[in-house]
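Residues in the sequence shown are numbered from 1 upward in steps of one, following my numbering.
Please note that the accuracy of each hint is not assured.
[Unchecked claim] List of simulated lysine-lysine pairs, DSSO-like, C-alpha gap at most 30 angstroms:
| no. | residue 1 | residue 2 |
| --- | --- | --- |
| 1 | K235 | K265 |
| 2 | K211 | K125 |
| 3 | K182 | K265 |
| 4 | K100 | K182 |
| 5 | K224 | K235 |
| 6 | K211 | K182 |
| 7 | K235 | K125 |
| 8 | K211 | K224 |
| 9 | K235 | K182 |
| 10 | K182 | K274 |
| 11 | K224 | K274 |
| 12 | K274 | K125 |
| 13 | K274 | K211 |
| 14 | K100 | K125 |
| 15 | K224 | K182 |
| 16 | K235 | K274 |
These are computed hints drawn from the structure, not numbers from a lab.
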Amino acid sequence: MTRAVILGTGSCLPERILTNAELEQMVDTSDSWILSRTGISERRIAGPGEHIHKVAAQAARRALAAAQLTPADVDLLVLATVSPHMLMPSTACFVQAELKAFNAFAYDISAACAGFTYGIDLASKYICAQPDMKVLVIGAENLSTRMNWQDRNTCVLFGDGAGAAVLGNAAEGEERGIFGAKLQSDGRLWNLLYTEGPPSMNKDLQLPDWKGPYIQMNGSELFKNAVRLMEGAVKELLAQHHLDIADIDLMIPHQANIRIVNNLKERLGVSADKVFTNLNRYGNTSSASIPIALDEANREGRIRPGDLVLLCTFGAGLTWGALLLRW
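Please put together the full structure from these sequences, using the hints given.
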C-alpha cells in the first residue's frame, strides 16, 4: 500500500524578538493583558534581508538535510502563505530559485492558518498517485507586513517565520505515514478573519468601505467557531480510523491563542503532556505555525518512532481540519 511519510522537518525564525514590554510602548496594551488573554510573551519580526522566500528557503534546506535529500531531489514544492512576497509570481517560485530546485514544479496555496495541513494532505495524494515523488511542503509568513500596528487586538497576536516538511513514499512494510485528513471550509464566515488587498485600479470594482491591507479580525466569534469546528474535525477523523483520543501520542494544534488550545484540549479530553505548544515564544504565525511546532517537537524528541500524531488547525476562510499520521 502506498502511503506518504514525512522524511524530514525544518524551521527558520527571524532574529528579531518583539516582546510584550516593547508592545506596551507602541500601543495601548500591557504584558499582563496580552499574556492572560493569549498566552503570548514574544514573537519574531522579520528584519533586513529576511524576506519570506529567504526564511522559507532556509526552513526547506533544514528539512532536506534532515531527510538526507538535496534540492535536486524535489519533484514538487508547495508553499502555503497569506503574506506572499509578491502577488505574482508565487512565493514558491522565489523559493525554488533560492534552493535551485529546478527539477520541481512549484506553486502557492492559500488556506490561511490551515495552509500547511492542507499542503500535507495535498502532498500525500500526489505521492499516492506517483510513489516516486518527493514533495516539499512549506508554511511561511511575514505577517508583520500585513499588520496595523495601532490595532491592539491584532498586532499583539501575530509573528513571522517558516516551517517545512519533506514527504516521500513509505518503505515496503512500514506502518508509518499519513493516515488521512478531515479538511473543511465555510466561505460564509469569511468576515471573521480577513485581509483586503491593495485598492482596486478599476474604479468600478473599488470597495466603498476599503479598510486597508491589514489583518481584520472578529476575535470573539472566531474563538467560538475555532474550538467547535476543530473539535468536530478531530472526532470525525478519529472515528473514521476507529481510534479514540487516548490513542493519540501527541497533538499539535494551530498556535493561535492559549485559551483556544486549552478549551480544545478540555473538550477533547487530552492530557496536557500530550499537547505541544510554543506560541508563548512565536505568537500566531498562521501557515507556519504547525510546521514550526512539528519541527521543534521532532528535534526535541517529543515525537518518537511509531507515535500517532494529530495535527488540528483553523484559519481564515473559514478553513479548518485535522490530519493523522504515524511517525
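A quick look at each hint next to the structure:
1. With a CA separation close to 12 angstroms, the supplied pair K235 and K265 stays within the 30 angstroms bound.
2. Between K211 and K125 the CA atoms are separated by roughly 39 angstroms; this puts the pair beyond 30 angstroms, and the hint is violated.
3. For the proposed pair K182 and K265, the alpha carbon gap of about 18 angstroms is at most 30 angstroms, so the pair holds.
4. Using a Cα cut-off of 30 angstroms, the hinted pair K100 and K182 is violated, with the two alpha carbons roughly 34 angstroms apart.
5. Note on K224 and K235: the hinted pairing holds, with a Cα-Cα distance of about 17 angstroms set against a maximum of 30 angstroms.
6. Distance restraint check for K211 and K182: the Cα-Cα separation of roughly 34 angstroms exceeds the 30 angstroms cut-off, and the hinted pair is therefore not satisfied.
7. Our distance criterion of 30 angstroms between C-alpha atoms is met by K235 and K125, whose separation comes to about 22 angstroms.
8. Proximity of K211 to K224 is assessed by CA-CA distance (about 25 angstroms); at most 30 angstroms being required, the pair is judged to hold.
9. Restraint check for K235 and K182: the C-alpha separation of about 10 angstroms stays at or below 30 angstroms, so the hint holds.
10. Using a Cα cut-off of 30 angstroms, the hinted pair K182 and K274 holds, with the two alpha carbons roughly 20 angstroms apart.
11. Taking the CA atoms of K224 and K274, the gap is near 23 angstroms; set against the 30 angstroms cutoff, the hint holds.
12. Pair hint K274 plus K125 holds up; C-alpha atoms about 28 angstroms apart against a cutoff of 30 angstroms.
13. Distance hint between K274 and K211 is unfulfilled; the C-alpha atoms sit about 41 angstroms from each other, more than 30 angstroms.
14. At roughly 25 angstroms between alpha-carbon atoms, K100 and K125 fall within 30 angstroms of each other, so this suggested pair holds.
15. In summary, the hint linking K224 to K182 is supported, as the alpha carbons are separated by about 19 angstroms, within the 30 angstroms threshold.
16. A distance of roughly 16 angstroms separates the Cα atoms of K235 and K274; the hinted pair therefore holds under the 30 angstroms criterion.
When each numbered hint is compared with the structure, violations occur for hints 2, 4, 6 and 13.
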